[in-house]
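Participant: The primary structure of each chain is shown beneath.
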Amino acid sequence: MTARGGDTPSPDLRSIAEIAPLIARREVSPVQLVRNCLARIEARRELNAFITVMSETAVAEATAAEDEIASGRYRGPLHGIPVSVKDLIDVAGTPTTSGSAVPPRRPRHDAPIVQRLRDAGAVLIGKTNLHEFAFGTTGDETAFGAIRNPFDMTRSAGGSSSGAAVALHEGMCFASLGTDTGGSIRIPAAACGVVGLKPTYGELSCEGIVALSTTCDHVGPLTRTLRDARIVFDVLKGDGSLEQPARKQSTRSTRVTVAVPGGYLLERLDVHVRAALERARTAIERDGHTVRDIDLPEARLTPDVYLHIVLPEASRYHAGTLASNAAAYSPGVRLRLEMGGYVLAEDYVRAMGLRQVLRAAVDRALDGCDGLLLPALSIPAPTLGAATVDIDGTPEPTRSAMLRLTQLFNLSGHPAIAIPSGTTPAGLPLSMQIVGRYGQTHQLLELAETLEPQISGGAGSVGGGTG
Amino acid sequence: MKIADWLAAACADADKRGLSELKPLLESLARSTTALRLADAAVQEKGDEPSADTEA
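Sequence lines, in order, name chains A and B. Heads up: the first sequence begins at 1 in the numbering used here, then just goes up one per residue. Heads up: the second sequence begins at 1001 in the numbering used here, then just goes up one per residue.
Some hints here could point you the wrong way.
Stated by the list, open to error - Result set (SDA-like, lysine to any residue): computed pairs, CA atoms no more than 20 Å apart in a straight line: (1) B:K1023 <-> A:P331; (2) B:K1016 <-> A:A327; (3) B:K1002 <-> A:A345; (4) B:K1023 <-> B:K1046; (5) A:K237 <-> A:G439; (6) B:K1002 <-> B:A1035; (7) B:K1046 <-> A:M153; (8) B:K1023 <-> B:A1004; (9) B:K1046 <-> A:P297; (10) B:K1016 <-> A:A361; (11) B:K1002 <-> B:G1047.
What the hints assert, rightly or not - Just a sample of chain A residues kept apart from chain B, beta carbon distances all over 12 Å, derived: (12) S205; (13) R255; (14) R274; (15) H308; (16) G340; (17) G341; (18) A351; (19) Q356; (20) G385.
In short, the hints are calculated from the structure, not lab data. All values derive from a computational prediction rather than experimental measurement. Positions of the beta carbon are idealized from the N, C-alpha and C atoms, including for glycine.
All chains should be modelled from the sequences, with the hints used to inform the complete structure.
Facilitator: Printed below as a string of structure tokens:
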């Protein structure tokens, strides 16, 4: 755990589940954990994972946590744990830049979701870089330097919660808060080999978070392991008590059924992604679970419905700043925001109606099964700045390829999680996504834990093991 | 409003605002709007008109 000699300390990639009991027993020092994370942030500056590093307050908070634990007041599994927050989310006393050169807001209060972390004793180590205003999936349009994939510096870390995923992979923190409007938690988690959870719509408050699309925005955790995702989610839900792991023992039967939705969702997959899906499927069936093929024809409507909802909602939020300070936006982000101002009200209403068709279709797809199984990302991490990617010899717009498998569940609001699923021959992470029933995020987490051995191919999450 | 009329008006407005680079995006949006309206019409034709509930 301790930083080794030299300029580049080795990362501490243990899970929260592993390290929390050691903190509780005072065998690990939160102050030392924070110092290690700060050293990792400094050592890998070139990845551009962070916008604001809260060194002084983090050490002070860790010291307070250590003192509190020493006095016998242990709050639970996040007590003394260094966490980061996407810089779209308000933290009192730090600017919320949203990854933009647009003047930041300067909140006097924490977002309620951040307050939950503080109440649990977590240590806020800093605010992570993102695709500007969360309006993109590649992390290369930001005023704070393109976020680089730690597996290959020439590639995107995914987005928009790019810095959050990089920070976790690199041991710069133990959990991170991200937001997800079309896949912005799951996509970077998939690109960087970590776990990303988008809960059910509305389950966690988005108050104090810069909006992109108020009817599609979600907030949730990125972690190194599935178990950690559950620990953090419980805290964010306000249910992170000391007894939580035992009380939440699964009552799920040992045999589960998942459905693989064919058609639109799977018709444009990179060869390595398709192979990972087949590997996962074979392993799940081999271990006695059931995998069904289903059709989800309505999914083909997803990009058109998504566009006519997210564009005008984003445009509305930014209308004032676009009018007064348009030049401060990245050119691509500005154009997408401007485009939203041209969507007609009648088409927004049509899209909102079709959204209910999509939600009902996902509900039907989940009839008689425990969850849906599909990749989280249709391609491995693309090259930074690439306008198109090649899939089976045909060019595909990078933006479409990144969003294809995730945005449906922002429209429908169903909970979904991205789980590492091995790597390509070149060593880039692959990831599977499991989608649960509406309002049943805890059951989704249980299902994911059941299937993780088959999906990961035995490799477990980054850091080793499921914690 | 017909999509062709909307597109012409939107492109003219973009030109007037000095945002000519917006025009290819608006053309792409027009194709998407055409698909959206066809899908909506098909749903309504089936008598399965959904509500415009704003909750996800």
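Participant: Could you run down the list of hints and mark each one as holding or not?
Facilitator: Comparing the hints with the structure gives:
Taken as a hint, the K1023 of chain B and P331 of chain A pair is honoured in the structure, with Cα atoms around 14 Å apart against an allowance of 20 Å. Distance restraint check for K1016 of chain B and A327 of chain A: the Cα-Cα separation of roughly 17 Å lies within the 20 Å cut-off, and the hinted pair is therefore satisfied. Among the hinted pairs, K1002 of chain B with A345 of chain A is consistent with the structure: their alpha-carbon atoms are about 13 Å apart, no more than 20 Å. About 35 Å separates the Cα atoms of K1023 of chain B and K1046 of chain B, which puts this hinted pair outside 20 Å; it is violated.
With a CA separation close to 13 Å, the supplied pair K237 of chain A and G439 of chain A stays within the 20 Å bound. Pair hint K1002 of chain B plus A1035 of chain B holds up; C-alpha atoms about 13 Å apart against a cutoff of 20 Å. Under the criterion of a C-alpha separation no larger than 20 Å, the hint pairing K1046 of chain B with M153 of chain A is inconsistent with the structure, at around 51 Å. Proposed proximity of K1023 of chain B and A1004 of chain B is supported: the alpha carbons are some 13 Å apart, at most 20 Å.
Only pairs whose Cα atoms come within 20 Å are accepted, and K1046 of chain B paired with P297 of chain A is accepted, the gap being roughly 15 Å. About 42 Å separates the Cα atoms of K1016 of chain B and A361 of chain A, which puts this hinted pair outside 20 Å; it is violated. Simply put, K1002 of chain B and G1047 of chain B have alpha-carbon atoms about 23 Å apart, too far for the 20 Å limit, and the pair is violated. Against chain B, the non-interface label of S205 of chain A holds: every CB pair exceeds 12 Å, the least being about 15 Å.
The beta carbon of R255 of chain A is kept farther than 12 Å from every beta carbon of chain B, the shortest such distance being approximately 31 Å. At the 12 Å boundary, the C-beta of R274 of chain A stays outside the reach of chain B, the nearest C-beta of that chain being 26 Å off. Not every CB of chain B is more than 12 Å from the CB of H308 of chain A (nearest about 6 Å), against its label as outside the interface. Under the 12 Å C-beta cut-off, the non-interface status given to G340 of chain A relative to chain B is violated; the minimum distance is some 9 Å.
The non-interface label for G341 of chain A is inconsistent with chain B: the shortest C-beta to C-beta separation is roughly 9 Å, within 12 Å. With a minimum CB-CB distance of about 6 Å to chain B, A351 of chain A fails to clear the 12 Å threshold, and the non-interface call is violated. In this structure Q356 of chain A is not separated from chain B by more than 12 Å, as the shortest Cβ-Cβ distance comes to only about 4 Å. The Cβ of G385 of chain A sits about 17 Å from the closest Cβ of chain B, beyond the 12 Å cut-off, so the non-interface label holds.
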